[in-house]
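Asks: Residues per chain, in single letters:
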Amino acid sequence: MEVLRIDEIRSECRSSSTLFVSPDPEKWPGFVPGQFVMVWIPGIDEVPMSVSYIDKDPFRIGITVQGIGEATESLRTLPVGSRIGIRGPYGRGFDLSGKKRLVGICGGVGAASIVLALEKAKDIGREIVVLSGFRSKELVMFEDRFGRITPDTHISTDDGSYGFHGLVTDLLRKELKMNDAELIACGPEMMMKVVLDIGSEFGVHSQCSLERYMKCGVGVCDSCSVSGHRVCQDGPVFTDEEIEAMPEFGSSHRDRSGRVVSLKECVR
Amino acid sequence: MEVLRIDEIRSECRSSSTLFVSPDPEKWPGFVPGQFVMVWIPGIDEVPMSVSYIDKDPFRIGITVQGIGEATESLRTLPVGSRIGIRGPYGRGFDLSGKKRLVGICGGVGAASIVLALEKAKDIGREIVVLSGFRSKELVMFEDRFGRITPDTHISTDDGSYGFHGLVTDLLRKELKMNDAELIACGPEMMMKVVLDIGSEFGVHSQCSLERYMKCGVGVCDSCSVSGHRVCQDGPVFTDEEIEAMPEFGSSHRDRSGRVVSLKECVR
Amino acid sequence: MAPERSDPTLDVEISGIRFPNPLLLASGIADETGLSMAKAVERGAGGVVTKSLSLDLREGHRNPVVVDLQNGMINAMGLPNPGASHYIREIEEYRRHTSGKNPIIASVFGSTIEGYAECARTIAASGVDAIELNGSCPNAEGLGLEFGQDPDVISDLIKAVRSAVSIPVFFKLTPMCNDIVKLASACQDAGADAVVAINTMKSMKIDIRTGRPVLTNRFGGLSGPAIKPVGVRCTYEIASRLDIPVISVGGISNWEDAVEYIMAGASALQIGTAVAWGNLDVFSRIRSGISGFMRAEGYSSLEEMRGIALEVKRWRS
Amino acid sequence: MAPERSDPTLDVEISGIRFPNPLLLASGIADETGLSMAKAVERGAGGVVTKSLSLDLREGHRNPVVVDLQNGMINAMGLPNPGASHYIREIEEYRRHTSGKNPIIASVFGSTIEGYAECARTIAASGVDAIELNGSCPNAEGLGLEFGQDPDVISDLIKAVRSAVSIPVFFKLTPMCNDIVKLASACQDAGADAVVAINTMKSMKIDIRTGRPVLTNRFGGLSGPAIKPVGVRCTYEIASRLDIPVISVGGISNWEDAVEYIMAGASALQIGTAVAWGNLDVFSRIRSGISGFMRAEGYSSLEEMRGIALEVKRWRS
Ligand SMILES: Cc1cc2nc3c(=O)[nH]c(=O)nc-3n(C[C@H](O)[C@H](O)[C@H](O)COP(=O)(O)OP(=O)(O)OC[C@H]3O[C@@H](n4cnc5c(N)ncnc54)[C@H](O)[C@@H]3O)c2cc1C
Ligand SMILES: Cc1cc2nc3c(=O)[nH]c(=O)nc-3n(C[C@H](O)[C@H](O)[C@H](O)COP(=O)(O)OP(=O)(O)OC[C@H]3O[C@@H](n4cnc5c(N)ncnc54)[C@H](O)[C@@H]3O)c2cc1C
Ligand SMILES: Cc1cc2nc3c(=O)[nH]c(=O)nc-3n(C[C@H](O)[C@H](O)[C@H](O)COP(=O)(O)O)c2cc1C
Ligand SMILES: Cc1cc2nc3c(=O)[nH]c(=O)nc-3n(C[C@H](O)[C@H](O)[C@H](O)COP(=O)(O)O)c2cc1C
Ligand code: FES
Ligand code: FES
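Protein chains in written order, with the numbering used here: chain A, 1 to 268; chain L, 1 to 268; chain R, 1 to 317; chain Y, 1 to 317.
Derived from the structure by calculation, the hints contain no laboratory data. Mixed in with the good hints, there may be bad ones.
What the hints assert, rightly or not - With a straight-line Cα cutoff of 25 Å, these simulated DSS-like cross-link-like pairs (lysine-lysine) come out:
id : chain 1 : residue 1 : chain 2 : residue 2
1  : L       : K99       : L       : K122
2  : L       : K27       : L       : K122
3  : L       : K177      : L       : K99
4  : A       : K100      : A       : K137
5  : Y       : K182      : R       : K182
6  : A       : K27       : L       : K27
Just so we're clear, the structure is a prediction, and the values are computed from it rather than from any experiment.
Given these sequences and hints, build the entire structure.
Replies: Below, the structure written as structure tokens:
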């Protein structure tokens with residue numbers, strides 16, 4: 001773990017901010033968007049966070065935090081110069097090597113890993129569509145970054161206060177034709193469940209970034225287990241085939257003791 | 001430590017043989033002639049040995065062992081295919097970066113590190129003279145390798161049975177002129193003491209490879225201490241200036257308990 | 001050169017339990033669910049040990065619970081588990097997804113001797129193949145280590161569990177003691193079927209920028225390559241002095257480590273931390289490494305290698 | 001950000017002995033001769049500890065005596081030394097070649113309590129600044145570890161040595177015990193002036209090609225980075241429970257390690273194995289690393305950093 005001072009804080013929307021830190025670049029050459037870091041908030045908690053920005057020269061990374069509980073609220077409201085610990089990058093990110101049109105679909109702070117993945121996909125020349133859903137206008141984020149990736153960017157809000165009024169999955173259904181794209185998705189599990197259904201309906205392959213309670217982050221404790229897969233090491237990004245073989249997906253997760261509990265919807 | 005099978009054994013003279021082994025090249029890119037390895041003879045002992053051959057492609061090293069006691073006799077007489085352990089290379093080797101004529105002077109099995117150093121020196125274009133002394137004809141070694149380095153190769157034997165009759169240091173006195181060379185030496189300590197004296201008489205700088213009882217080989221146990229210098233880490237190669245500041249040089253060494261004992265001449 | 005032979009056998013038997021190979025998933029590692037453990041088997045493990053179970057649910061310590069070092073790991077999970085009776089469903093799921101050839105050992109702990117026995121009884125009912133008593137966790141106060149450092153308590157513990165269940169009972173030892181042979185000897189005398197050595201060593205990491213212990217629990221257990229030399233020594237000491245089989249664990253990351261432990265006298269091996277760096281592939285990687293080594297060196301069974309370091313006459317050249 | 005200050009002071013005092021910096025050469029490391037120890041001081045050490053001395057000469061174990069691992073070292077030197085009375089000349093030579101500001105501590109051991117006391121008396125006559133009792137060497141049977149694992153024996157040992165010499169007496173502890181605080185507490189109660197923690201951990205390396213233990217003594221002591229997390233924990237446990245100063249040793253290779261130990265409560269530090277990889281330059285390298293850190297973080301003395309990890313209110317953000 002590297003304990004680093006927060007270099008800069010950027011507000012992304014009403015409930016989310018990005019914290020920038022400058023880790024030693026040596027651990028980062030193999031980084032793939034979709035990978036995550038474990039973030040230590042001294043005295044509070046250690047939580048998994050996707051990487052949402054990679055700046056080269058000088059090297060730094062950003063993590064975009066949505067305040068929803070004790071750890072994320074304190075992280076989001078730390079002053080510049082505060083120290084946090086970072087370990088990682090960990091896990092398996094998005095495979096962006098395909099050739100078809102790439103549709104990035106995200107809900108809430110799930111935009112964090114999708115925006116970075118799409119920037120990378122653009123660099124390697126892929127055609128991109130963005131579908132990004134939020135609860136309401138004040139929660140919209142990364143609109144400018146998405147816009148720079150592609151004019152084919154569509155924002156939805158659940159309450160209709162901005163962009164398309166409705167669920168981002170409704171946008172997806174309008175966007176897809178048979179077999180003509182690949183999907184990458186990050187957001188609430190129920191949203192991703194719908195994404196996978198729509199994907200299979202249109203014969204389109206998907207990769208989704210899953211969330212489970214993480215403790216070790218490195219594949220030993222099994223706290224993040226979903227049907228025998230450890231999200232921290234085997235994922236967080238899984239393919240549609242892999243997820244289809246996970247009965248627990250969309251239905252249950254494990255609490256801190258390892259007990260099965262039915263999935264309560266994530267607050268993002 | 002790597003435990004390796006002896007690939008090949010080459011008899012170098014009546015009392016000395018070279019054993020070839022093929023260690024993992026990864027530890028060897030920084031090797032400098034004059035450095036040594038610790039050689040484990042399972043069940044017998046572990047002893048320091050200079051590296052006398054470096055073959056590239058396929059990579060292998062040779063160590064030339066003179067049988068003088070239990071460890072060296074059993075090492076020298078092991079059959080091909082036997083296993084020995086090698087750790088290293090360790091220590092500081094010869095600095096061959098000078099510009100002047102390089103005189104390599106050695107006694108007995110001290111030729112092992114000198115011959116490899118001179119081959120390297122030749123590769124980088126230095127003018128070379130070899131003075132190599134042995135007790136008698138049957139103990140002469142590396143004559144062909146020395147001959148390939150330079151026609152200016154002079155062999156002496158103490159008993160006159162081959163080459164110059166007399167001490168190799170007598171050859172040195174005849175060879176030197178004021179300030180016109182650098183010396184590298186390896187052999188019995190009394191021989192090197194004379195080399196240093198002659199060197200200073202002629203204003204010629206010397207590097208000598210010292211021997212002390214080695215246990216750890218890596219600078220922690222201090223068993224190889226000579227006037228505050230650890231031969232295994234600070235040496236085995238020392239410069240004339242360094243040796244001048246060692247009252248113990250040529251006079252005493254430490255036994256296995258660390259007690260000071262006066263220097264009994266090495267059997268080489 | 002030793003002659004080449006084909007197909008060295010890797011199967012082992014410990015008090016009547018047969019394992020197709022000696023590499024088991026260690027307790028507390030990727031074993032929260034039945035499917036996870038089944039996956040370890042699918043990827044090459046010879047058997048698995050469950051996470052340590054107690055009668056009641058435990059959430060474990062708060063994050064951070066691990067420190068990831070270059071040569072090991074410090075963990076203070078704090079023995080999280082849903083409770084033995086809830087965990088039975090995981091055992092059942094494991095059975096459904098494996099062929100029946102890969103034994104599952106339940107690790108149990110408690111805060112009293114009766115607690116251990118009761119927990120063992122509860123989980124034994126699910127049909128596990130053996131019980132491993134965790135008397136050596138250094139990061140949960142009052143739960144195990146205090147028992148596992150005292151030969152008399154170890155003896156009472158084993159006897160209590162022995163009379164509570166009819167399956168084999170193993171005892172997992174701590175290296176944090178004056179003399180591990182004394183502890184192992186208490187296990188043997190009390191009728192344990194095997195000892196498991198070693199658990200982690202109480203350790204700590206302080207972040208120098210903030211001056212804080214990193215782990216919320218402050219202390220944790222050191223595992224991984226850093227502890228291997230200690231584990232090999234413990235195995236060797238026990239194997240050279242006692243008859244009880246030793247199941248070794250501690251820093252096994254590659255096949256050379258595995259062979260070293262077997263030569264020190266291990267009957268079977270458990271793998272923990274290496275799963276973090278090599279994922280579950282460590283099992284097949286190590287398994288085929290061991291086979292390759294045995295073929296090259298002319299060993300036809302693990303028995304031939306086991307404990308050879310203990311006896312001068314078995315040393316090779 | 002913390003304000004920058006200049007010249008943090010690094011000097012420390014332990015029971016009246018002043019060291020210009022807290023980094024001491026550990027016992028058994030590059031300390032066979034007076035000149036070697038003087039060299040360590042010349043290269044930046046604040047003081048030195050002699051190799052462990054006995055009344056009679058010991059040659060130590062036969063080679064191989066060390067196994068050089070990537071993350072540490074296993075040694076079975078076997079306590080070679082020329083005997084305390086012969087070694088007095090080394091102390092004298094050390095004094096001749098140092099300015100008098102760098103204390104020298106004599107490490108002693110014996111096979112009986114009287115042997116320890118007699119040896120301490122012998123070497124104290126040479127004017128060393130303190131005695132360090134080695135009760136924790138894991139590779140020489142019957143010499144120390146057996147004493148150092150038993151609080152009652154520790155107590156008798158310290159009392160015997162205390163009455164034999166008038167200089168401060170330190171006791172070097174083993175981590176191979178149920179509870180190092182109990183051992184340290186015995187030291188404190190018996191009147192020791194400081195404890196030194198930790199010595200090496202009994203370990204072993206087997207060569208898998210030949211099936212032999214590599215060390216002639218089979219067992220040796222593990223040192224270096226592998227044991228640092230254990231050493232930090234021992235320091236922290238002792239410092240949080242007792243008043244006796246702790247001199248910490250175990251795996252210190254860089255200034256971050258040194259600071260971590262100080263924050264865990266160390267009053268001074270000893271460096272051993274790192275001398276193998278970094279030569280004697282480790283001393284100046286670590287010393288300037290500590291100063292740089294203190295300047296950057298606004299600490300003006302070691303006292304300000306010492307033990308900050310122990311108290312929540314001293315943690316920083
Ligand atoms: C791979 C991955 C990437 C993530 N990336 C981001 C991101 O980029 N931005 C972002 O804002 N959030 C991200 N999250 C979610 C984030 O980790 C949780 O929102 C955060 O841990 C909540 O902690 P809390 O104390 O604020 O909330 P709490 O009130 O403690 O809990 C709220 C929810 O967060 C979950 N949670 C709490 N702790 C953890 C934990 N250690 N691991 C996983 N879930 C936890 C709880 O189970 C609950 O569902 C990611 C999660 C994962 C698994
Ligand atoms: C840096 C260095 C390089 C060397 N290179 C070579 C070489 O290339 N070829 C070669 O034949 N010899 C070399 N030697 C010498 C060789 O190590 C000794 O001859 C050998 O250790 C003798 O062991 P023995 O059991 O055969 O003899 P013994 O009968 O045990 O002793 C004979 C002599 O060797 C010395 N010796 C024994 N063990 C050691 C030890 N561990 N370290 C140092 N000296 C020891 C004894 O002190 C004694 O002077 C080198 C020594 C050093 C220090
Ligand atoms: C994250 C983690 C959790 C562990 N949990 C348990 C446990 O619940 N019960 C137990 O007996 N040992 C537990 N251990 C110890 C391991 O089973 C094993 O004894 C130890 O890690 C040494 O093996 P290794 O070096 O291969 O990891 C745990 C170890 C780790 C790293
Ligand atoms: C080669 C070697 C020799 C040692 N000899 C002694 C000794 O004589 N007396 C002693 O108390 N400790 C001895 N030790 C232990 C060290 O003093 C120290 O406690 C241990 O190595 C941990 O520190 P490190 O990790 O910095 O090496 C020795 C260690 C090594 C590696
Ligand atoms: S968080 Fe521990 S295995 Fe994934
Ligand atoms: S042989 Fe140990 S210091 Fe040189």
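Asks: Does each hint fit the structure? Answer for all of them.
Replies: For each hint, the structure was consulted:
1. Pair hint L:K99 plus L:K122 holds up; C-alpha atoms about 12 Å apart against a cutoff of 25 Å.
2. With a C-alpha separation of about 24 Å, the suggested pairing of L:K27 with L:K122 holds against the 25 Å cut-off.
3. Distance hint between L:K177 and L:K99 is fulfilled; the C-alpha atoms sit about 16 Å from each other, no more than 25 Å.
4. A threshold of 25 Å between alpha carbons decides the hint, and for A:K100 with A:K137 the separation of about 31 Å lies outside it, so the pair is violated.
5. Restraint check for Y:K182 and R:K182: satisfied, since their Cα atoms lie roughly 20 Å apart, inside the 25 Å limit.
6. For the hint linking A:K27 to L:K27, the alpha-carbon distance of about 23 Å falls within 25 Å, and the restraint holds.
Checked against the numbered hints above, the structure breaks only hint 4 and satisfies the rest.
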